[in-house]
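Novice: Here are the chains, one letter per residue:
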Amino acid sequence: MDFSEEEIYELITKFLSGEATPDEAMQLEEWKEESIDHSEFYAHAVRLWEQVSGDASCPESTNKAWEKLAGKKTGNNKKKFTLKVILKVAAAVILMVSAGALLFKINHTPQREYSIMLDAGNNFLRDTLPDNSIVVLDKQSGFQYGADDNSRKAILKGQAWFCIQGIDGKPFEIETRYFKIKVLGTTFHVSVEKEFQSVTVTNGAVLLITPHDTLLVSANQKGCYLPSSGRLTLYRKIDINEMAYATHQFYFDDTRLEDICAKLASVYGRKMVIADESLKSMRMTAEFQNESLQDIMVIIAQTLHVHFKQTNDSIIIHEKNSD
Amino acid sequence: MLNDHNDDRLVEMCFKSYYQALHRYAYAMLKNNEEAGDAVQAVFLKIWEKRIHLIKDQGIRAYLYTAVHHHCLNIKRQQRTQEKRLADYREPGVININQLISKESYNRIMNCIDQLPEQCRLVFTKSRFEQKTYNQIAAELDISVKTVEVHMGKALRILRLKLSDILWITFLYNTFTCFSN
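Which chain is which? The protein sequence lines are B and R, in order. Residue numbering for the first sequence follows full-length UniProt numbering, starting at 1 and increasing by one per position. Residue numbering for the second sequence follows full-length UniProt numbering, starting at 1 and increasing by one per position.
To be clear, the hints were calculated from the coordinates, so they are not data collected in a lab. Among the hints, a few may not be true.
Unchecked claim - Beta-carbon label-pair distances, calculated as ranges: (1) Q78(R) / I116(B): 49 to 59 Å; (2) T81(R) / E40(B): 32 to 42 Å; (3) I36(B) / N32(R): 26 to 36 Å; (4) R256(B) / D114(R): 47 to 57 Å; (5) K237(B) / D114(R): 33 to 43 Å; (6) E40(B) / Q78(R): 32 to 42 Å; (7) S115(B) / Q20(R): 36 to 46 Å; (8) S61(B) / E49(R): 19 to 29 Å; (9) E40(B) / A139(R): 29 to 39 Å; (10) D114(R) / T285(B): 46 to 56 Å.
Every residue gets a Cβ at the ideal spot worked out from N, C-alpha and C, and that includes glycine.
Required output: the full structure, derived from the provided sequences and hints.
Specialist: Here you go:
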């Protein structure tokens, strides 16, 4: 989110004056979360504002506020309860009948089995599940899936991209090494890196659940789990190149040719060689949506005024006059 | 469709993810920590009790900000009506004493505000000390709301540059106050 210095001062004062629209308030939150510099800049401005105003925002802790809210809900429920005793008795009878039926059903429901097991080995693996959800496994990743009448469960080892079909009354849950992902009808990518595991959501929303924490991750957000701290953290910026192996969508923003080639090589499984050292630092901004590698190379060659040639297993990029 | 347990879980997740940010937003509008907390809680309580399905409209965050905004506007409307009634009985000239900083720092801030460019100072003082809205200021000074925004931003930028040295003192004070609550 790009704001000039003047614009951000105006946005902050508007927010602190209580004049910001919901959209502006969200824009400011997003801007703050983009970097530590931004959040410090904001904190600094707020401190000054508080000095002038003579009062300061000091919210109670989130957990304390949550307990208070949960208490209010319980209180309201009790009030309704005393007012509707007769209805409640009737409901209890129905509940007992339903519980009996449910108990019967549970006793007669076969235990879940993971009926589908996928192993990507040394290649990317794309598969469509019986519910029409799509899974693309990264290299060296494994996936198990099973479903019954009420749920769909999966176990993921490694990283994968998912496009899950929402089905009423049949939630989709994925267990990974560090957390459980409860899917709320969505497209997302689970990635495993050296230091952490993350889920990047491009559409819809997922809940990340660990034994100690939970996090809602919505579209264009990324939730990360850091094993060292055991915390889930939300980021409001995503990198679509992370999941390019599944989507073949790339976004390069003033990116070095060397880095572009490395990304393309990993996704398309072709060796890429930059023959001339000077070309490696050339930069390019481009967006590719499901193009073939050949087409992408033509665009790169035209944009950066370079040549490329293909051999059996590699693509070689060189200066125009060196053939 | 999500079942009740999942709905409860989702409300909890949303509350825990957005409470602090929504409180900041509500506080900016209401200038009262307790009322801001109550406003956020009221919005969530309504969601919870009316079983508003947050997932379906795919815009949880936008929905929450809009709901808090409307709730705070309602509260402010009620407060204005009450204040009008009380105004007849209140003694004039009550000064809000700034309790966050020393008298010396306060005087320095006021001095810096006095040195702001004329129109900028006028806009800033009407907003900060007379609690006027951007619309009211624009109407009074016969300027556009955008011009009010520009003056407010400019005032904060100038003050921030001139007063950066005393900001840390307040920061430490506020941190201490928050943690001791």
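Novice: Are E40(B) and Q78(R) spaced within 32 to 42 Å by their CB atoms?
Specialist: holds, 37 Å
Novice: CB of K237(B) to CB of D114(R), is that within 33 to 43 Å?
Specialist: Holds - the Cβ-Cβ distance for K237(B) and D114(R), about 42 Å, lies within 33 to 43 Å.
Novice: Go ahead and decide if the range 47 to 57 Å is satisfied by the Cβ distance of R256(B) to D114(R).
Specialist: holds, 52 Å
Novice: Starting from the hint 29 to 39 Å, judge whether the C-beta atoms of E40(B) and A139(R) obey it.
Specialist: holds, 36 Å
Novice: Do the Cβ positions of T81(R) and E40(B) conform to the proposed distance bound of 32 to 42 Å?
Specialist: holds, 40 Å
Novice: Cβ-Cβ distance between Q78(R) and I116(B): within 49 to 59 Å?
Specialist: Holds - the Cβ-Cβ distance for Q78(R) and I116(B), about 58 Å, lies within 49 to 59 Å.
Novice: Range first: 19 to 29 Å. Now tell me if the beta carbons of S61(B) and E49(R) are that far apart.
Specialist: Roughly 24 Å apart at Cβ, these two residues keep to the hinted range, so it holds.
Novice: Could you see if the CB distance from S115(B) to Q20(R) stays within 36 to 46 Å?
Specialist: Given a distance of about 43 Å, which is inside 36 to 46 Å, the answer is holds.
Novice: Is the hinted range of 26 to 36 Å satisfied by the C-beta distance from I36(B) to N32(R)?
Specialist: holds, 30 Å
Novice: Could you tell me whether the CB distance from D114(R) to T285(B) stays inside 46 to 56 Å?
Specialist: holds, 48 Å
When held up to the earlier numbered hints, the structure conflicts with none and fits them all.
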